[in-house]
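Peer 1: One-letter residues, chain by chain:
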Amino acid sequence: MKRPLLLAMLAVLFLAPLAVLAVYSLGSGWAFPDLLPRRFDLRAVRYIAGEWQSVAKHLASSTAYSLATAALTLVLTIAPAHLFARRRFPGKVLLEGILLAPALVPAMTFSMGVHYMFIRAGLNDTMLGVVLVLATFSYPYMLRALVAGYQSFGEEYALCAQNLGAGPLSRLWRVELPLLMPAIVAGGSVVFLVAFSEYFLVFLIGGGRVPSFTGYLFPFLASSDLGLASALTLVFFIAPLILFVLVELTVSRAYRRRGLY
Amino acid sequence: MTKDSTGRLSLGQALLRLSPLALPCVALFGGGLALAIAQSFGVALPFPYEGGAFAAYQELTRPHLAGSILLSLWVALASAGLSVICGSILAYAIWRLPNALQRWTIIYKTPLILPPIAVGFLAIIFLSRSGVLSSLAFHIGLVDTPADFPSILYGGWGGGIILAYLYKETPFVVLLSLAALRRLDPGLVQTAHMFHASRATIFRTIILPHLAPVLHTVFIILFLYSFGAFDIPYLVGESSPGMLSVEAFNLYFKRTLADRPTAMALLTLMFLFSVGFIVIYTRTASRLGQKERKL
Numbered sequence: 001m002k003r004p005l006l007l008a009m010l011a012v013l014f015l016a017p018l019a020v021l022a023v024y025s026l027g028s029g030w031a032f033p034d035l036l037p038r039r040f041d042l043r044a045v046r047y048i049a050g051e052w053q054s055v056a057k058h059l060a061s062s063t064a065y066s067l068a069t070a071a072l073t074l075v076l077t078i079a080p081a082h083l084f085a086r087r088r089f090p091g092k093v094l095l096e097g098i099l100l101a102p103a104l105v106p107a108m109t110f111s112m113g114v115h116y117m118f119i120r121a122g123l124n125d126t127m128l129g130v131v132l133v134l135a136t137f138s139y140p141y142m143l144r145a146l147v148a149g150y151q152s153f154g155e156e157y158a159l160c161a162q163n164l165g166a167g168p169l170s171r172l173w174r175v176e177l178p179l180l181m182p183a184i185v186a187g188g189s190v191v192f193l194v195a196f197s198e199y200f201l202v203f204l205i206g207g208g209r210v211p212s213f214t215g216y217l218f219p220f221l222a223s224s225d226l227g228l229a230s231a232l233t234l235v236f237f238i239a240p241l242i243l244f245v246l247v248e249l250t251v252s253r254a255y256r257r258r259g260l261y
Numbered sequence: 001m002t003k004d005s006t007g008r009l010s011l012g013q014a015l016l017r018l019s020p021l022a023l024p025c026v027a028l029f030g031g032g033l034a035l036a037i038a039q040s041f042g043v044a045l046p047f048p049y050e051g052g053a054f055a056a057y058q059e060l061t062r063p064h065l066a067g068s069i070l071l072s073l074w075v076a077l078a079s080a081g082l083s084v085i086c087g088s089i090l091a092y093a094i095w096r097l098p099n100a101l102q103r104w105t106i107i108y109k110t111p112l113i114l115p116p117i118a119v120g121f122l123a124i125i126f127l128s129r130s131g132v133l134s135s136l137a138f139h140i141g142l143v144d145t146p147a148d149f150p151s152i153l154y155g156g157w158g159g160g161i162i163l164a165y166l167y168k169e170t171p172f173v174v175l176l177s178l179a180a181l182r183r184l185d186p187g188l189v190q191t192a193h194m195f196h197a198s199r200a201t202i203f204r205t206i207i208l209p210h211l212a213p214v215l216h217t218v219f220i221i222l223f224l225y226s227f228g229a230f231d232i233p234y235l236v237g238e239s240s241p242g243m244l245s246v247e248a249f250n251l252y253f254k255r256t257l258a259d260r261p262t263a264m265a266l267l268t269l270m271f272l273f274s275v276g277f278i279v280i281y282t283r284t285a286s287r288l289g290q291k292e293r294k295l
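First to last, the protein sequences are chains D and B.
Residue 152 in the UniProt record's numbering sits at position 152 of the first sequence, with consecutive numbering throughout.
Residue 66 in the UniProt record's numbering sits at position 66 of the second sequence, with consecutive numbering throughout.
Keep in mind the hints are simulated off the structure, nothing from the lab.
Remember, predicted model here, so these are calculated numbers, not experimental data.
Don't be surprised by glycine CBs; every beta carbon is placed ideally from N, CA and C.
Careful: at least some of the hints might be erroneous.
[Claimed, not checked] Taking beta-carbon pairs under 8 Å as the criterion, some of the chain D residues facing chain B (in silico):
hint : residue
1    : Gly97
2    : Val105
3    : Pro106
4    : Leu193
5    : Ser197
All chains, full assembly: derive it from the sequences and hints.
Peer 2: What follows is the structure in structure tokens.
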């Protein structure tokens, strides 16, 4: 394929939808077969400006539980990742397969039961419940990233620190975590994204009480007000986009420059 | 596997070290699943249930649900298959670009960041009978009224879901294929060129065999995702028969309490089916290099 043609095709496939959202959010009153809105106005922008506190609340809540989920998965998987990367033991392949399964099994198959358990335990409709259920099916991405991270450098660093008298916590904090940082960023980005994008689980466990941008967005997407839905989709797309650009520009680049990744 | 992984542990020691992850995982994932299975047999329900232990599973034999199972399998198969085909070809095209241009191709990652419900919304805007593509077709002169445009979204064969998944999943295939292609020696392709091999021949004889393990693995991941996900089918899916996840949701939330065991039986069935594929997955994934594995 000719190069300009390929780049044009990529742009049409992957940027045109966003461009269409932008055009839709700046107009109103169009129907088949209009390609452009009959008139351009700032109705959607004004609505969002008027509702900014509500929009910000839902965005902040989604960001908070997604970051908390990423942090929780890191805490849960760091020791098992070390084990899978560094040690041999009977049943290793089987155990790793079982522990990766929650990301592959449909989340619905266990979440209805979890919902029932959480109602009994009083965890439904709480932020903690949402974080727990999101971590339950997104941790395998963090586990995989950390295992690969551990395998990208040897055990000598930790052994060297141990010989110099560093205890387990000090080795983890000052030697292994800095070396693992690219893997943590990679795994954390995926976990964040999975949690941030999830609609059903947050709605089920959060019961509509835990604000989430997907729960906020959904009624608009299912309504006939395409202009407002487009504008809100763009607003909520920007948050993860900023995060990813930041990660790409700062953390990964810094590590690449130091030749770690 | 690193060469220094000489440390051997007994199963007990290993399980002890796994406990910080395994205990909460067993409690939530295993507990939730166990409860679903128990309730599918009419046990541990929060209300009195008249049916016998297998009544819920007998409900599953209704022809409506058979249609739902077939639709789910078809959608998962078609979307994962098409994504793998499109993604591997796109990855090859991007890999052949000079490095300076490759940086611009990063836009292929957009659908990865878009939430599924946003992708579903894009499907509505583009594919509905009065949507963007239909309007474009009018201006080209292909259709005169919205009714002339094929009913992609609710046509009964999952067209809208398949295309939405294709858009969401193709970048994932590209991402994993590119990682594998970076390990391929470009000299192989240049040599083949010198012997006047066509692009199609090069793709078939050099690129595809190199990518095969990645593509097998990614196909299974995407198949399972398409099979069990809820958000996109809920937004753009067919209503009757619907995807299994939507059917289970409707049985659980929109019908009477007596239908809950049936919902749980459906979820149990979906779980067993997925496990079968995960067994195949672990076999293919173990053949992959560590750099290519994302899961």
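Peer 1: Indicate, hint by hint, whether the structure satisfies it.
Peer 2: Now for the hints, and whether the structure bears them out:
With a least beta-carbon distance of about 4 Å to chain B, the hint placing D/Gly97 at the interface is held under the 8 Å criterion. The beta carbon of D/Val105 is positioned within 8 Å of a beta carbon in chain B (closest approach about 5 Å), and the interface hint is therefore held. Checking D/Pro106 against chain B by beta carbon gives a least distance of about 2 Å; that is within 8 Å, so the hint holds. Checking D/Leu193 against chain B: minimum C-beta separation of about 7 Å stays under 8 Å; hint holds.
This hint holds: D/Ser197 has a C-beta 4 Å from the nearest C-beta of chain B, less than the 8 Å allowed.
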